[in-house]
Amino acid sequence: MPVFNSVTCPICGCLCDDIEVTVENNEVVKIKNGCAVCEAKFIGYKGEHRIHTPLMRKDGKLVPVSMDEAVHAAAEVLANANYPILYGWSSTSSEAQRVGVELTEEVGGIMDNTAVVCHGPSILGVQEVGIPTATLGQIRHRADLVIYWGCDPWSAHPRHLERYTSFTEGRFEKSEWTSYMQKLKAGAGKKKLDSALRSGLAKGPVPKPQACYVGGVPPSLSKGGRKLIVVDVRKTMTAEMADFFLQVEPNKDYEVMQAIRALVKDQELDVDSVGGVPVEYLEAVADALVNCEFGVIFFGMGLTQSAGKFRNIEVAIQLVRDLNARTKFMIMPMRGHFNVTGADVVQAWQSGYPYGVDFSRGYPTYNPGETTCTDVLLRDELDASLVIAADPGANFPKRAVQNMVKHPLIVIDPHMNATAMLGDIVFPVAFVGIEVDGTAYRMDHVPIPLHKVVEPPEGVLSDEEILKKILEEVRIIKAQKAEQEKKEAA
Amino acid sequence: MHVTLLSGRTIEQGVGKEYGKASHEYYNACSMCYMDADDMKKLGVKNNTNIKVTTPIGSVILKAVKYPRSATPGLIYIPYGPWANAICSDATTSIGMPSFKGTPAEVEAAPDQKVLSIEELLMSEFGR
Chain A
1 MPVFNSVTCP ICGCLCDDIE VTVENNEVVK IKNGCAVCEA KFIGYKGEHR IHTPLMRKDG
61 KLVPVSMDEA VHAAAEVLAN ANYPILYGWS STSSEAQRVG VELTEEVGGI MDNTAVVCHG
121 PSILGVQEVG IPTATLGQIR HRADLVIYWG CDPWSAHPRH LERYTSFTEG RFEKSEWTSY
181 MQKLKAGAGK KKLDSALRSG LAKGPVPKPQ ACYVGGVPPS LSKGGRKLIV VDVRKTMTAE
241 MADFFLQVEP NKDYEVMQAI RALVKDQELD VDSVGGVPVE YLEAVADALV NCEFGVIFFG
301 MGLTQSAGKF RNIEVAIQLV RDLNARTKFM IMPMRGHFNV TGADVVQAWQ SGYPYGVDFS
361 RGYPTYNPGE TTCTDVLLRD ELDASLVIAA DPGANFPKRA VQNMVKHPLI VIDPHMNATA
421 MLGDIVFPVA FVGIEVDGTA YRMDHVPIPL HKVVEPPEGV LSDEEILKKI LEEVRIIKAQ
481 KAEQEKKEAA
Chain B
1 MHVTLLSGRT IEQGVGKEYG KASHEYYNAC SMCYMDADDM KKLGVKNNTN IKVTTPIGSV
61 ILKAVKYPRS ATPGLIYIPY GPWANAICSD ATTSIGMPSF KGTPAEVEAA PDQKVLSIEE
121 LLMSEFGR
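Protein chains in written order, with this note's numbering: chain A, 1 to 490; chain B, 1 to 128.
Misleading hints may appear alongside valid ones.
[What the hints assert, rightly or not] In silico lysine-lysine, BS3-like type, Cα no more than 27 Å apart, as pairs: (1) K265/A x K328/A; (2) K452/A x K469/A; (3) K192/A x K63/B; (4) K66/B x K41/B; (5) K61/A x K63/B; (6) K46/A x K32/A; (7) K114/B x K63/B; (8) K190/A x K223/A; (9) K66/B x K114/B; (10) K223/A x K191/A; (11) K191/A x K66/B; (12) K46/A x K468/A; (13) K468/A x K452/A; (14) K66/B x K252/A; (15) K223/A x K185/A; (16) K63/B x K46/B; (17) K192/A x K41/B; (18) K185/A x K66/B; (19) K469/A x K406/A; (20) K190/A x K66/B; (21) K398/A x K42/B; (22) K66/B x K183/A; (23) K114/B x K42/B; (24) K63/B x K42/B; (25) K398/A x K114/B; (26) K58/A x K452/A; (27) K46/A x K469/A; (28) K32/A x K452/A; (29) K398/A x K58/A; (30) K174/A x K32/A; (31) K406/A x K478/A; (32) K469/A x K61/A; (33) K63/B x K398/A; (34) K406/A x K58/A; (35) K191/A x K46/B; (36) K191/A x K41/B; (37) K174/A x K328/A; (38) K58/A x K328/A; (39) K42/B x K52/B.
These are computed hints drawn from the structure, not numbers from a lab.
So that you can see chain B by itself, here it is in the shape it has in the complex:
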């Protein structure tokens, strides 16, 4: 399914980062992706099951969570952190600011694939 990827703050991400980037709180807050309820139905994805999000930058496995406040058809939202940055556009348009909002992305169901921990993610991307 073709969607537009946004990344940004959530209160859970804010709390998680203060407990520490290796904390459970941070992992739970940032390795997830808000999706529109109807889009999830169309894709056959249940709440709190895993999806694979792919952009020209790469792909990442995340837990899909139904966006509770309104319909957001065609939009997905990932709290900012290493999981979002594995796939966000790095185009700085010559002013230093990467395009963290509005990256075109593809979403597919991936119920059997594992969401990587921060250590596993850093190891797979940076070899450390």
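Extracted from the complex, chain A is given alone in its bound form:
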């Protein structure tokens, strides 16, 4: 059985490139080193929900059609549309994204990627104040203070701690895994004792139920080695691993961040608590921030989707800038889809703008709120859409999807996802990183090659090939139209 080493996992922005994949009869049969989501992808890719032939909606139902018929129908829709949306791009290769920019320019539409509902506000924040950042390699070897703010890597980037931060053995900073395991064991012992006390088997005072805060300012914040602080509105699994957990009231991250900025600048706060967090806790965190040698803040949707949105990111970056006057500090968004960073990068080097790019005037323009596809959908300004490597049918607000299905909807996806169920023309496609090669950008903007480990099902093409076919057909239809108009004018 062939075993592929160092395969890159095409799921989240971590792009773990140490996966070991065993293949038998052109099927993945075993995965080593991956997380739960990685295993689900490498096992689930060939499952019952796979699309095998192009489909078109006829009499309200999706029926199989030939590839040529689907390509022609899709090209007709796009060539005749005035203001189409071409959305998604985050779970495919940068090579396909590049063809996507060409196609969007050709049809004069809007090209937007999943950053719009994910780290779009982070990009806006960065455009306002810049970003002091590093590669994950630097962080792995040097960071002695790691903060996760409004994100839960245990759920969304399961191997982030193990590969890049607290639980990895760096050159200058050691892994905290053993001390975490000891803490777990001690916690389990305490649980047993508490339960014995409650049931009356042991004598002593009955312990009070645990409050939301993980008990005051713990001595762990002044310990040596790497420290882990988690800030969130609820105690997540990552928060349980942390040396210190701050529970913030929902939509109050901006206030808490500004309070920490004030404390870092040695100002005094004349209130008892900010955003539900007692000031003494904030002071402890500010001390830890100032006294570290190399700190990093990772942030997620907790900041970008809460009240304030891009202002939260702006103030987080400003906090990092302030801290760099006293120590060394970095900040990085926890990018979700494996190549959403690539989608931003490719769109930016091709058009000048990272997402929400409008080609309807013949040249690229960008104005978030106006040219972002969520707003275009909510205002119902579109007249067609193409969705590739994303699932807005499941992940966009209801009213946006209601407007999307009013107009012709082309979907390119390997799986029968919610958008494909709603689509008018559906293309099957090979999985990038399993069935086709490609390039993807990790969350720290490092490009990583994706490897093909099995052959795609017969007749199933890659995203890049399908997009090129549609682009070619659009050009033919437009040329025919132009000739027709010329004849009529003559």
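Following the hints, complete the assembly by docking chain B onto the known chain A.
Chain B in isolation, oriented as in the chain A frame:
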């Protein structure tokens, strides 16, 4: 009961989406709602029974699950997916990003109402 609705990732949702959006794994992971244990008691909702969550956008039936890690009074958490998006705020505040976290919501017990499958949900909302 008045609560604040948050939506976001869970590891089960991540695994479910990779098996396929029509899979059991995805359905079980996304058609549920984490609630505070005390809030559930006050509302008379037992663990793993159904609730109806209503916002200005709409309402949806979900399975209520006790949040295992800490008290989260006044908060409910729905893993992101079509069920959460049936009720999340779509206010983009002029920057393209809908307000997926922090939507005010009302929760009531609905033990006899059915949680819709993804096909039923899409049909009821989008007619397809």
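ask   = Do the alpha carbons of K66/B and K41/B lie within 27 Å of each other, as the hint requires?
value = Holds. K66/B to K41/B sits at ~10 Å (cutoff 27 Å).
task = Below or equal to 27 Å on CA atoms is what counts here, so check K192/A against K63/B.
result = violated, 31 Å
message = Can you confirm whether the C-alpha distance between K190/A and K66/B stays at or below 27 Å?
response = The given pair, whose Cα atoms are some 23 Å apart, holds under the 27 Å limit.
task = Please work out if K191/A and K66/B have their alpha carbons no farther apart than 27 Å.
result = Measuring from Cα to Cα gives roughly 19 Å; hence the hint holds.
query = Between K114/B and K42/B, does the CA-CA distance stay at or below 27 Å?
reply = Distance ~22 Å between K114/B and K42/B Cα, so the pair holds.
query = Given the hint that K223/A pairs with K185/A, does the C-alpha gap stay at or below 27 Å?
reply = holds, 19 Å
request  = Please work out if K66/B and K183/A have their alpha carbons no farther apart than 27 Å.
outcome  = holds, 25 Å
query = Regarding the pair K58/A and K452/A, is the alpha-carbon distance no greater than 27 Å?
reply = violated, 35 Å
message = Between the alpha carbons of K190/A and K223/A, is the straight-line distance 27 Å or under?
response = Roughly 21 Å between the alpha carbons, so the hint for K190/A and K223/A holds.
query = Has the given pair, K223/A with K191/A, been kept, meaning a C-alpha gap of at most 27 Å?
reply = holds, 24 Å
ask   = Under the criterion that the straight-line Cα-Cα distance not exceed 27 Å, is the pair K66/B, K114/B satisfied?
value = The hint holds at about 19 Å.
ask   = Does K61/A pair with K63/B here, judged by a C-alpha cut-off of 27 Å?
value = violated, 31 Å
Going down the numbered hints, you'll see the structure goes against 3, 5, 21, 26, 38, while the others check out.
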